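Can you build the whole structure from these sequences, using the hints too?
For the sequence shown, this note's numbering begins at 1 and goes up steadily by one.
A hint or two may mislead.
Label-pair restraints from in silico Cβ distances [to be verified]:
| # | residue 1 | residue 2 | range |
| --- | --- | --- | --- |
| 1 | Lys121 | Asp90 | 17 to 23 Å |
| 2 | Gln78 | Thr103 | 20 to 26 Å |
| 3 | Leu42 | Gln104 | 30 to 36 Å |
| 4 | Arg64 | Leu116 | 45 to 51 Å |
| 5 | Tyr70 | Val110 | 31 to 37 Å |
| 6 | Ser32 | Gly89 | 47 to 53 Å |
Subject to a maximum C-alpha distance of 20 Å in a straight line, what follows is the list of computed EDC-like cross-link-like pairs (lysine to aspartate or glutamate) [said to hold, decoys possible]:
| # | residue 1 | residue 2 |
| --- | --- | --- |
| 7 | Lys81 | Glu100 |
| 8 | Lys75 | Glu44 |
| 9 | Lys33 | Glu22 |
| 10 | Lys121 | Glu102 |
| 11 | Lys43 | Asp90 |
| 12 | Lys75 | Glu9 |
| 13 | Lys81 | Glu44 |
| 14 | Lys121 | Asp72 |
| 15 | Lys33 | Glu44 |
| 16 | Lys81 | Asp131 |
| 17 | Lys33 | Glu9 |
| 18 | Lys81 | Asp59 |
| 19 | Lys43 | Glu9 |
| 20 | Lys122 | Glu102 |
| 21 | Lys121 | Asp131 |
| 22 | Lys122 | Asp90 |
| 23 | Lys122 | Glu100 |
No lab work stands behind these hints: they were computed from the structure. Model, not experiment: these values are computed from the prediction. Think of the CB as a built atom: it goes at the ideal place given N, C-alpha and C, for glycine as much as any other residue.
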Amino acid sequence: MSLIQQIAEWVHARSGGAISAEVAAEFSLTVSKASIAMGQILKETRFTARTEHFCLVGDNGKGRHTRRLYVDVVKPPQWRKTPVIGTAGDQVVRFPSITEAETQGGFVRVSITRCLAGQQKKHGGYSWQIDTTKGSTSCTAITTP
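Encoded structure:
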């Protein structure tokens, strides 16, 4: 589950909504990153969210403009992980998702997607296909006899 999804579900569970400082404290983020995440929640169509703008007055008597986020509806993410297999002769690599093929294997995510769509034959010396076998949840590199 993505961080944005986790934050949206957490704010949805709170009746009073949340400000970026509360999100930052709950998810161990900086206030700036929490504010960016809250902005992303407002942009995505899978969340029905609204904001309330107000001013907080600090100890020094100066006001600080902030916003409180309310999330009314949280839909499940529309994207699913696609397990992939790359084959190059007798060498086979298997990843639980295209993103993990990029982060763990050093491959380019867009190029793998092009291979799966038939727009490109190979990437990184491998031919790519969707892994339809059960239990394809870990990264493996095997040599077939």
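Hinted pair, alpha-carbon criterion (20 Å max): lysine 81, aspartate 59. Please report holds or violated. violated (48 Å)
Between lysine 75 and glutamate 9, does the CA-CA distance stay at or below 20 Å? The given pair, whose Cα atoms are some 9 Å apart, holds under the 20 Å limit.
Evaluate the given range 30 to 36 Å for the C-beta pair formed by leucine 42 and glutamine 104. holds (32 Å)
Pairwise hint evaluation, glutamate 102 against lysine 121, where the allowed Cα distance is 20 Å at most: Holds: lysine 121 and glutamate 102 sit about 18 Å apart, inside 20 Å.
Arginine 64 and leucine 116, beta-carbon distance inside 45 to 51 Å? holds (48 Å)
Range hint compliance [Cβ, lysine 121 to aspartate 90, 17 to 23 Å]: holds (18 Å)
Given a hinted range of 47 to 53 Å, is it respected by the beta-carbon distance of serine 32 and glycine 89? Distance hint for serine 32, glycine 89 holds at roughly 48 Å.
At the C-beta level, are tyrosine 70 and valine 110 separated by a distance inside 31 to 37 Å? holds (36 Å)
Hint consistency between lysine 75 and glutamate 44 [alpha-carbon to alpha-carbon, up to 20 Å]: Judged against 20 Å, a Cα distance of about 10 Å means the pair holds.
Sort out whether aspartate 90 lies within 20 Å of lysine 43, counting only the CA atoms. At roughly 46 Å apart (the allowed maximum being 20 Å), aspartate 90 and lysine 43 break the hint.
Holds or violated: lysine 81 to aspartate 131, with C-alpha atoms at most 20 Å apart: holds (11 Å)
Are lysine 121 and aspartate 72 close enough, with their CA atoms no more than 20 Å apart? violated (45 Å)
Checked against the numbered hints above, the structure violates hints 11, 14 and 18; every other hint is satisfied.
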